[in-house]
Amino acid sequence: MNEGEPITPPQIPQSQPIPQPIVTTPQQPIPNVTQPIQSVEPATTPMATAETPVTGQTRMEAAWGSSEGDEDYTEMASVGHSGSGEIFQQNYEPWRGELNPRWMRNWAILRHHVLGIVKKGHRPWGVPTKIFLVLVFFASLSDAGLTLLASLIGESEFHSMWGVNRDNLYGHVLGFFPRNVMYYPIVAALLVGGVISEDRNHGTSALYFSRPINRFDYVGMKYASVAIIQAVIIIFTLFLYYLTEIMAFGRGWAWIIDTFPLFLGALVGGVLLIITYTSIGLALSSVSKGKFFPGIGLLAIILGTKTLAIIVKNLFDREILYLLSPYDCLAHVGQALVKTQPTYDQYSWTWSLASLIVMNAISLYVLSSRVSSMEVTRE
Amino acid sequence: MALENLNLDIKKGATGLLGPNGAGKSTFLKTILGLIQATSGEGTVLGHDIRTEGSAIRSRIGYMPEYDALNPEMDAINQVRYSGELLGMNPIVALQRAHASLQYVGLGEQRYREIKSFSTGMKQATKLACAIIHDPELIIADEPSNGLDATAREFMINTLINTVKQGDRSVLMASHLMDDVERVCDDIVLLHKGKLAAQGRIEDLKAIDREIEIHVWGGASKLEAAMKQRGMKVRREGRVMRIAHESEELTTEILSCASQVGAQIRRMHEYEASLEDLFLVIMENLGYDVKTSEDLFSHPINARKVDAPGHMGGGAS
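Chains as they are written, first to last, in the working numbering: chain P, 110 to 488; chain E, 95 to 411.
For reference, chain P alone in the conformation it holds in the complex (with noise of 0.2 Å):
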């Protein structure tokens, strides 16, 4: 069609044969054909078809509508709207928000670590992990428990065995048995084993250093997470068991203030168990790529220089070796400030105390240095 001719509606020849309707009323006037027959468009609800399917719909109206029932059955039919076939579209949606600033990072990242212990969506920890924490965690409060019960039965001799003592604050952070061989090693291992060796094993670490979160924000969170969980069932249980002695025993300021220095003393103790057990277990997940050779070397260096160390003095009666068992240097340390019978009377505490030190640095620069040589691009 030329541009400017004028659009005309569609005419129908005189000599063709006007099509009739099939069914007609009287009422309805016939069409005049002599005009022009007009497009016209379809309505909202368009005039069904044969071709039209009969739906849901229709079948109602049919059995239940409130018509008379002589309607063409076509006009009834609903029509359902197809799309296009694309049942998925694609829109990009902007965000305009503000990035929070670098504390919330460490917050996420601390956050994520430790509620997953008890919340799913965060660091999928293992379920044995999980259980053997709540186990260990009510493990821990033994002591508290059977204080409880000696003030409860008022035996004295039952409350000298398990109330808060000197000695007793000092195993329940430094104990050997059960405590420092069953409970807090096998935690620390469980804890650090795929803290940083997973991110190696997995890639993740991509995911950190590809975002506005440096070597030691990622790794001071990482150590504060595992220490913070440990610090839960060691320390805070501690706390508990503190509290039930001054609670179920009624003591007053003059027993808090003689035995708070020996609280004290157990609380410094635990504290540098926790640093050194994380210190250690975080250099061997860093320099590994699975979460069973730093568990299981964790465990190697705490039980196996203990066992070494006891092994050479009982043959040689030599007591030098315990300077390269953390445990035993904690202990050491610990009665110190406890200021209870030292077990290792062959050299200062001093000397375990430099000991922990060189320990923890030596881990610490491990640590630091596989950190920092984690890629972005490939591992």
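Treat the hints with caution; some may be incorrect.
According to the in silico footprint, chain P covers these stretches of chain E (three or more CB under 8 Å from chain P) [said to hold, decoys possible]: (1) 187-200; (2) 255-261.
Anything over 10 Å on all C-beta distances counts as not near chain P; from chain E, calculated [what the hints assert, rightly or not]: (3) Ile104; (4) Gly137; (5) Ser153; (6) Pro166; (7) Trp311; (8) Gly312; (9) Ser350; (10) Ala367.
Restraint-style ranges between C-beta atoms, simulated for each label pair [said to hold, decoys possible]: (11) E/Arg207 <-> P/Arg211: 42 to 52 Å; (12) E/Gly241 <-> P/Asn200: 52 to 62 Å; (13) E/Gly137 <-> P/Pro210: 16 to 26 Å; (14) E/Tyr365 <-> P/Phe325: 38 to 48 Å; (15) E/Ser341 <-> P/Asn200: 41 to 51 Å.
Everything labelled a hint here was simulated from the structure, so no lab data went into it. All C-beta atoms, glycine included, are put in the ideal place defined by N, C-alpha and C.
Since the structure of chain P is provided, determine the placement of chain E on it from the hints.
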């Protein structure tokens, strides 16, 4: 791989980062992420100094790593949410954005599944969702379609195209798959041995290798000789010849030569190099010198004479 004398100006839009293994692509990406300190020189990404403002740069960039960067034990929604939190997003906002991002990359129905149950394509899509959760101005996609089947690859490429066109975001895409780069990107940066080998619009760069391809029947050798006599640059493989497109009258001259020697030309069409051809031409023929699209386009024949192998009309052995 150390980068050397790398002067780049990457424009808004989609840019492909090409180069053989060891060309320095990863080093380049780490440099613009502010993770590697340049020993000399300077640079800015989105207005931030790469030497001192790496943290600010990474806040405004979305990085999609080539390799696995997802915790297989986590479900997709929480993995993407956590990646948002690591940028400093409020946990609630991060969760909302994680839903939107996963919907965008086609994982809306799969978001509560553990990542270990995902296919490679779904993992790639999850990584992209992690990268775009904060609606970054620049998305760095490192081999985004690597290892994907045809359907997943198509979806990934379309998603990147959509991100550039509908989202008005910039994409820097490192890939070995030239077809994908060609579909997504308008510009390329070609690195080789830590140096810039070429940079510019793909269309411009492809123009350096424009040729007319003819299929000859009878008298092919005579036609080849005649065309060479007239100064045309001819490459021949049996009855197929390609003549460097240097002048607008080339087709007339070819037909004239054919008429002169009595050879039949049964087919004649313009041969447009693919990006892969272009890559090979640049890498093999132009060497390691910096060539912008303007350099290459203004002196393509000279470049070919100097560097191309002998059988292609150049001076190189």
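Structure-based check of all given hints:
Check on the stretch 187-200 of chain E: 5 of its residues sit with their Cβ under 8 Å from a Cβ of chain P, so the three-residue criterion for coverage holds. Given as covered by chain P, the stretch 255-261 of chain E passes the check, having 4 residues with a CB less than 8 Å from a CB of that chain where 3 are the minimum. No Cβ of chain P comes within 10 Å of the Cβ of E/Ile104; the nearest lies about 18 Å off, and the non-interface call holds. Residue placement check: E/Gly137 keeps its beta carbon more than 10 Å from all beta carbons of chain P (closest about 17 Å).
Annotated as non-interface, E/Ser153 brings its C-beta within 10 Å of a C-beta of chain P; the closest such distance is 5 Å. Not every CB of chain P is more than 10 Å from the CB of E/Pro166 (nearest about 7 Å), against its label as outside the interface. The claim that E/Trp311 lies off the interface holds: its Cβ sits roughly 46 Å from the closest Cβ of chain P, which is beyond the 10 Å cut-off. With a cut of 10 Å on Cβ distances, E/Gly312 stays outside the contact zone with chain P, its closest approach being about 49 Å.
Distance check for E/Ser350 against chain P: the nearest CB is about 42 Å away, which clears 10 Å, and the non-interface claim stands. Listed as a non-interface residue, E/Ala367 keeps its Cβ farther than 10 Å from every Cβ of chain P; the least gap is roughly 30 Å. At about 32 Å, the beta-carbon gap between E/Arg207 and P/Arg211 misses the expected band of 42 to 52 Å. In this structure, E/Gly241 and P/Asn200 break the distance hint of 52 to 62 Å, their C-beta atoms being roughly 27 Å apart.
For the hinted restraint 16 to 26 Å between E/Gly137 and P/Pro210, the CB-CB distance of approximately 25 Å keeps it satisfied. Range check, E/Tyr365 to P/Phe325: about 56 Å between beta-carbon atoms, so the 38 to 48 Å window is missed. Between E/Ser341 and P/Asn200, the C-beta spacing of about 49 Å keeps the proposed range 41 to 51 Å intact.
Hint violations for this structure: numbers 5, 6, 11, 12 and 14, all remaining hints satisfied.
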